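Got chain A sorted already, so can you dock chains B, C and D onto it with the hints?
Protein chains: 4
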Amino acid sequence: MNIPIPALTQEGNFSRLSLLYQKIRSRSLDLTKPLEIEDFNLQAMPDVSPPKWHLAHTTWFFETLILNTLPQYQVFDPDFHYLFNSYYKGLGLYHPRTQRGLLSKPSLKKVQDYRQTVDQKILNALEKERFNTEALQLLELGLHHEEQHQELLLTDIQYNFFTNPLGPVYREDLRKPHNSQVTPLKKLNYTEGLYQIGHPDKGFSFDNEKPRHQIFLKGFSLANRLITNSEYLEFIQDKAYQQPKLWLAQAWDWIEKEKIEHPLYWQKRDGYFWQFTLEGWQALHLNTPVAFINFFEADAFARWAGSRLPTEAEWEVAASQEEINGNFLEKDYLIPLAPETNQGLSQIFGDTWEWTTSAYGPYPGFKTFAGAPQEYNGKFMINQMVLRGGSCFS
Amino acid sequence: MNIPIPALTQEGNFSRLSLLYQKIRSRSLDLTKPLEIEDFNLQAMPDVSPPKWHLAHTTWFFETLILNTLPQYQVFDPDFHYLFNSYYKGLGLYHPRTQRGLLSKPSLKKVQDYRQTVDQKILNALEKERFNTEALQLLELGLHHEEQHQELLLTDIQYNFFTNPLGPVYREDLRKPHNSQVTPLKKLNYTEGLYQIGHPDKGFSFDNEKPRHQIFLKGFSLANRLITNSEYLEFIQDKAYQQPKLWLAQAWDWIEKEKIEHPLYWQKRDGYFWQFTLEGWQALHLNTPVAFINFFEADAFARWAGSRLPTEAEWEVAASQEEINGNFLEKDYLIPLAPETNQGLSQIFGDTWEWTTSAYGPYPGFKTFAGAPQEYNGKFMINQMVLRGGSCFS
Amino acid sequence: MNIPIPALTQEGNFSRLSLLYQKIRSRSLDLTKPLEIEDFNLQAMPDVSPPKWHLAHTTWFFETLILNTLPQYQVFDPDFHYLFNSYYKGLGLYHPRTQRGLLSKPSLKKVQDYRQTVDQKILNALEKERFNTEALQLLELGLHHEEQHQELLLTDIQYNFFTNPLGPVYREDLRKPHNSQVTPLKKLNYTEGLYQIGHPDKGFSFDNEKPRHQIFLKGFSLANRLITNSEYLEFIQDKAYQQPKLWLAQAWDWIEKEKIEHPLYWQKRDGYFWQFTLEGWQALHLNTPVAFINFFEADAFARWAGSRLPTEAEWEVAASQEEINGNFLEKDYLIPLAPETNQGLSQIFGDTWEWTTSAYGPYPGFKTFAGAPQEYNGKFMINQMVLRGGSCFS
Amino acid sequence: MNIPIPALTQEGNFSRLSLLYQKIRSRSLDLTKPLEIEDFNLQAMPDVSPPKWHLAHTTWFFETLILNTLPQYQVFDPDFHYLFNSYYKGLGLYHPRTQRGLLSKPSLKKVQDYRQTVDQKILNALEKERFNTEALQLLELGLHHEEQHQELLLTDIQYNFFTNPLGPVYREDLRKPHNSQVTPLKKLNYTEGLYQIGHPDKGFSFDNEKPRHQIFLKGFSLANRLITNSEYLEFIQDKAYQQPKLWLAQAWDWIEKEKIEHPLYWQKRDGYFWQFTLEGWQALHLNTPVAFINFFEADAFARWAGSRLPTEAEWEVAASQEEINGNFLEKDYLIPLAPETNQGLSQIFGDTWEWTTSAYGPYPGFKTFAGAPQEYNGKFMINQMVLRGGSCFS
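Respectively, the protein sequence lines represent chains A, B, C and D. Each residue of the first sequence is one higher than the one before, starting from 1 at the first, in my numbering. Each residue of the second sequence is one higher than the one before, starting from 1 at the first, in my numbering. Each residue of the third sequence is one higher than the one before, starting from 1 at the first, in my numbering. Each residue of the fourth sequence is one higher than the one before, starting from 1 at the first, in my numbering.
Hints were generated in silico from the structure; no laboratory data involved. On a predicted model such as this, the values are computed, not experimentally measured, just so you know. Please note that the accuracy of each hint is not assured.
Said to hold, decoys possible - Some chain D residues close to chain C (C-beta under 8 Å, calculated; not the full set):
#1 39
#2 85
#3 86
#4 87
#5 102
The beta-carbon is built from N, C-alpha and C at its ideal position, and this holds for glycine as well.
For reference, chain A alone in the conformation it holds in the complex (with noise of 0.2 Å):
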């Protein structure tokens, strides 16, 4: 589910660890710099959380899970551990999720002072080398779990200005796509055979993409590039929307039930759609991926092109075999984009998150993080499907 980075604690090369820390945590303060005071407290759903509790959260992940190991350690504020501990029960009792958007104290420039006091005390403790190895392992997750909320952070703001009828735009200055034309799609096909997939244990993973493990796949094909807009757009004008028997019976439910007629982000206006983005609404782009579509609407169109979406172990497999790279944070688009070439497989890294058919749970010997982080992942594997790749965001 994650894109493995390298391990750093293992090295024990400390100074390259606080640049990075620098650089992650920083970059963090910098996504929320285009947002006004205003903007900090939105959660426009209770799936959402606002920019500054994502600040505060994380600042807190740091401070709970490791500078409260040091001897003699002052806590910034008493409050903050029920007010931004997210979900550890082991740890005490936290703030109602549903509640995050109402607090309006403490106020942002308090939650900057705290981020800003927990740097410099881990900074300070890195320097004077006063962790030990669990410690640092905790730190790298630290820097995982930092990087995972800024991918929420710029998910939650993009959901967040959705729902604001002034469709406010987040950044005007993001890269700009070149033009591209779209690869023609096909299929890609592998091989039948015993496979390893899982974590091969060098570096950092999360607990979820752990043991490595065998598993035999049945040959299988994979399109060679993501759906575009426009693809999608075919099977909306095809009213798969109205058609019962392209639907899961659960998706079916939704779409009566709330009316749903195309993706969250579009909308129609005199006969054309629109899509919102960080930029705020724009003409549906229509050769770029199509992205913010749920499972049931994955899963509907690949039983309406004739295919079926593939399950991780098969994801993993053909991701396995390509470089780690493409449409990230980093690359500053912050949308996705149209493949950069037509060879062999695109994308498969980066633009979007991809719906899989498989249901997130444990790997066979799963086991969870040991001490407080044991329920960072695997309480949540029920009733889930799992998205791989990344995105534009991550």
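Showing chains B, C and D alone in chain A's frame:
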């Protein structure tokens, strides 16, 4: 339901109206001065409106009903008509009430500009005597409307802050009550007879205060002052919240479903009650009136005390014999106080609104306001009980 | 709210009381004769009670309030106290209202035995003059209570059958109305003055009908008959259900949320309306009174017609000048009829209950019944509008 | 998910098919014999269907999918297509599932006639060899479908009776288990390797059992028998329902919201647990398998026991090595029993369905049934965990 204040438009006294306009409009801004910018979008429940929204909506009222009638008036921002209309269906679509707290845009700054721009145009037009009688009447209504929203603003701030686990303080510099004895509770008697109630129609009145009309009342008695927190505490200690026989059926369903054991703003800590105020959490004030109880609680208390709530007519007959004077907003206590005297009837105005046992409905011969404000009151005359007298927020 | 019927207990006329008891009790059974056994447990919405439950509950009322006061009385089945108590919290726990339709046990047979056993014991005790005055008063209340449930029984059967797509017929042998012309609608005027309303306290009355008291009324007028389906159809055809200005705010929310376009029991087929009756689906009767509309609809119709609903006091003053006579249950039409005469005021009793613009509340000096029936009416005096006059089911 | 039974249609053995048809169809009626007529419409929650509906729907299946393909077939009642279609959107509109319990009409008598009529026509057509191969395959599917509904029928009766405070008994004459010792719990080991799972495609199978395919499994172990009520009681007594760390996040939300403290059919009285069965309330059977626990409870128990649930593939590999034999419906216990032997693997078939840790999804290469039954299984493959093995109701 409202305190008559001197009518201005009938006198054509424009400079006095201009001064009053400035005074009332600037009070709204004064009331938001203790807020930080992040407090301006809070909407802690659907019935609450964010402070920024109050500031904008009251301005929209003047712009839409009055400035718009001037030739060649250019609206400040065409989106505001949708965003800041509260519930006037006759004026077009409006933003859903439950989502007012999600409007991080337009910014507070822009809303403040909106106020300033509208105020200048109103004052300018007043000075140039460009308003006709109808516009002047709407202006007067707009000022009363603004005062109603000032009360809502304080009420909503109190609720918003109450939901924050940090228990924020709105103001620490409120005027402090002189500690006072509580007058003994006694009954004042009123004789049977024909009475006139309703607004006498000299000066301004809301449509729901009219017409003045005759009623017949049996003799009745009224308590000489409000019930104190201490008296309400006895009711709680007598296990009133555990005895269905004291409550209306709907009230008991509410108590059971929500597990209610005390008034909204009370909290029990280590066996003692605290109350939430605009100065934050305080130990329960024993000698001051119980406030922020709902109709169910007032009705049950009266039953427990072997009494009943007055009807609206009884209240109005009693009140009409008193000076309109009391602990209102201007006194700057922002909390109900013990009565100042033990003579006659105290506290019928100010301190806290008083529940009557009358359902909200039209007076015989009721007519809504003409024009756009016809939706002001009439359409809400159902399934509400009448409160009278005003409060320390009014 | 209720039709006074001659009081019996005060006369000590036991044999007449015995006959009346038998007559009223057997009518309940008669009303269920057209049902098949499978119809006896239907509860098509929470507010409906199944026929079997009505039969058992009315019997429980006699057993619990009256037989239980006799020395050495053995209850029929100890479980029935929990199962068939409706809402008397003072008498102990009871089965949740919403689950009455799930009681396939006890069987109908057992409930019929229950009725028979209780009836025999009541009649036996009556004959032997074993009841004291209080018991006799409760017996009389029990008979009125049974009559109220007979009306509910028919109302609930109609709703239950309405939800069945087969549109079942309750009875095909109802008395058929002679086809009649509709009297032209005109206003009858009533003069201003002091009136007495409330039950005069000779004979039986419900607690909520008392005490008799004086009121002052301005002059008012009342239509000489009920509104017909044809007149209501005009209201619909004038797009009333699409115009918010005709409706109370809560009413409009209901119309929008539930997509209401006509009264509950109406259905549009190929452009024409049909209505559901105890004889099944029928083409809309144009000349008979519109029935089964809620307060919102009555209120909006009155507003549309440039009129208003009467207050309860106005209704009672007008009704007190008429004979209590009308199309009630005994007439065996079980559907409202066109008025029989074009003289004076028609249809104030019977045909269909009439909405007033008064909220349900206590008359001045109201006291609940003493003892167990104190929960009979008083605790429901909130958030309901008053209906008067009785119906063809009463 | 289903127990393969010998395929008949491929043999063309019509008389054997005819006998099987009669046997299976009459068993449905036999299962309803202990019911009183009032029990036939019970639907104590939306997921339950009333017994009458089960009888009608299974008949509708034969009529719609098979008889309707015969030339000149006249449907029994045209309304039944709407009333008794369960969820086949491809076949048209159907009555809302949640309202099945309100269908007092058609009567049980009419539904029984429906069964008889359809059965005669099916048997007649069988005898005359009027069915083509496809119809015969659908007939076989219809019989398996009927058996699935027999299991649902018993499950639903148990739930319906459970909600009745009288705790009704379905049958008192069930076969009584010989009292037996519980085999000690031990692990059976299975070796790593490539296995074949899925239905071997000889004889009947449901679409979701196919195709047979190869998988790779690491070595695993499985308990030699089911967990007993006594062992589950230890879990409860160890305060498992109070410890969030044992539960999935969704499970804990459920426990907190619904205040769950024990399995559905358990009840604590004076410190001891009772369980509800088809013979009514009984003191908890300590040595028999815990049943009617949901996935959350099975998963938490396994975690508490330091173990985990098997995957579906592991279950299938283990089961494929055993005889298909167990405490099924035919044994007429209708309650899970202690294992009969302490040798090898017990109870993998019958007694109670067994939770796996696999989400319900398609086997690789899955195809839905052709024609109308294409909606039979595939559209439900989302957000459900797989149960295997069958139960004493199967």
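Each hint tested on the structure:
For residue 39/D, the suggested interface contact is upheld, since its CB lies about 4 Å from the closest CB of chain C, less than 8 Å. The beta carbon of residue 85/D is not positioned within 8 Å of any beta carbon in chain C (closest approach about 12 Å), and the interface hint is therefore violated. Because the closest C-beta pair between residue 86/D and chain C is about 16 Å apart, greater than 8 Å, the hint is violated. For the restraint placing residue 87/D at the interface with chain C, the shortest Cβ-Cβ distance is roughly 17 Å, beyond the 8 Å limit, so the hint is violated.
With its C-beta approaching chain C no nearer than about 5 Å, residue 102/D sits inside the 8 Å limit, and its interface hint holds.
Hints 2, 3, 4 from the earlier list are contradicted by this structure; the remaining hints agree with it.
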